[in-house]
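Since the structure of chain A is already known, use the hints to place chain B on it.
For the protein sequence lines, the chains are A and B, in the order given. Numbering follows the working numbering, in which position 54 of the first sequence is assigned residue number 496; successive positions increment by one, without gaps. Numbering follows the working numbering, in which position 99 of the second sequence is assigned residue number 116; successive positions increment by one, without gaps.
Bear in mind the hints are in silico, worked out from the structure with no lab data behind them. Backbone N, C-alpha and C define an ideal beta-carbon position, used for all residues, glycine too. Mixed in with the good hints, there may be bad ones.
[Said to hold, decoys possible] Derived BS3-like pairs (lysine-lysine); straight-line CA-CA distance at most 27 Å: (1) K112/B <-> K219/B; (2) K445/A <-> K219/B; (3) K73/B <-> K219/B; (4) K73/B <-> K246/B; (5) K51/B <-> K219/B; (6) K445/A <-> K73/B.
[Said to hold, decoys possible] Which bits of chain A does chain B cover? Going by a derived footprint, with three or more residues having C-beta under 8 Å, they are: (7) 456-465; (8) 659-667.
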Amino acid sequence: MSKTLRHLALFGAAVFFLMPVYVLVVTSLKSAGEVDVGNMWALPKSLSLETFAAVWPKLDKGMLNSLILAVPASLISSLLGAANGFVLAKWRFPGADIVFPVILFGMFIPYQAIIIPMFYVMSAIGMYGGLDGLILVHIIYGLPITTLIFRSYFSGLSDELIEAARVDGAGMLRTFVLIGLPLALPAFAVSMIWQFTSTWNDFLFGVILTLPEFSPVTVALNNIAGAQTVPFNQAMASAFLASVPTLIVYLLLGRFFMRGLMAGALKG
Amino acid sequence: MRGIRKWGPGLLLVSPSLVALGLFVYFFIGWNAKVSLTESRGYVIDDRFVGLQQYKRLFADETFHNDVRNLAIFTVVFICGSLLFGLALALLMDKGVRGENALRSIYLFPMAISFIATGIVWRWLLNSDTGAGTTGLNDVLGLAGIHSDWHNAQSKWAVAAIALPAGWALSGYVMALFLAGLRGVPEELREAARVDGASETKVYWHVVRPLLLPVLMSALVILAHISLKTFDLIWAIAPLDPRTETPALLMYREAFRGGFYGRGAAIATILFFGISLLAVPYIWYTMRKERGR
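This is chain A alone, in the form it adopts within the complex (with noise of 0.2 Å):
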């Protein structure tokens, strides 16, 4: 095949993806006049801000729970996921083999098959409703990823330094926090990101485990664009909004993040 054809299917495919992106970005910028469900191709006669305007008020609740939950939930499952990882390819313990795939395992299986007892549970406990009981779901079902992508990261390094640390009588917390941590700060950032991004993309727990006003962004974008009588071009500004911080995100920091998609296929 050659070069230009390569270049051009590529350039083709890219517009694919971008196309919802296109749309997204040309509805958001219409006057509520020009806005028709007929010409959303066309591109907008003047640039008006007031579609934002009209939703944000819908969604700055929701953006804020989602800021609430996603920060603590991805640094305490990275932080427990580091602790795990150093273990589990630096410090082992008999069974560390069997113990990994234990965890691992718990990345794959579908909530479904959880979320009755722990809307139960959470319900019992008092945890319903609220962001303190979703960051502790999420916390927890992020720790099998986190876990992973430490250990991969961890079992990368050379045994030296933390032999040397062992043979200076370090133990194992104090190598833990003053070697292994510092070292692992690469791994820190594709965790972070990782979690940050599920957790704020997560829906199925936040429209289970909580009350409307602490309902993150993703459940709140669900309720605005379902509506039957709420005008598309709002669906779109909304969505598009509730896709700015992982986007930012994604931008900055892609490298990371696509480091974290590697690991997720068990790749390390």
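Here is chain B on its own, set in the frame of chain A:
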């Protein structure tokens, strides 16, 4: 004693995670299976066993048949489409193109977007109105004269249209997996085959293809398990619509809209076994390969 002093602290550090996952993954899965053997309804868990009643009723139920059929269609179209598209992109990129990083970022950005936002945009792009009401993709297809009603409201294959947004979201990921696999093939191997007089096509078929099998397997397992679980994407495009409902949505509808815990738990248990059938051999295989290294 020396042994424990050496590895004990490590086990201690991991144990909170192990307890949490033991409870939230394994105990809950078992509990859910137990609920599926009861008549639980009205948003309460009822302890009276009714054996496999829930399963028997599901297997005899038209709605469940319909949803399984939808899932089968969706899975086949979504997996084949994403694999072929992703592989094609990877092969095209393998030799190096100008602006490779930019292209890769464009192909992969849907992974950063929630399925809810993706679904909302695609609901409008897939609008199935005809005639003067034609919008979205049909509009664009109309320009090329291939205006069709393949995803028309009445079609039995409407659920296949969901594979388009799902493929849009995940083809870039498949591309990245294959591209990493392709780049992992040592250049000496390809060169050796070329020296032996093999054409470029033959090099791909005889040298590269066998080495890509593990990547294909990873991609297959990932796509298949996502397809079985997919809930929010379909929910955002067409909630409560029998034409696109799959068991994952039925489970939510039964358990959390209707309060039929027993029935919902049975559907979830079936999904769980379906996914375990894929995930367990996959994890086992990966671990064995790692130990062999």
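Broken hints, by number: 3, 5 and 6
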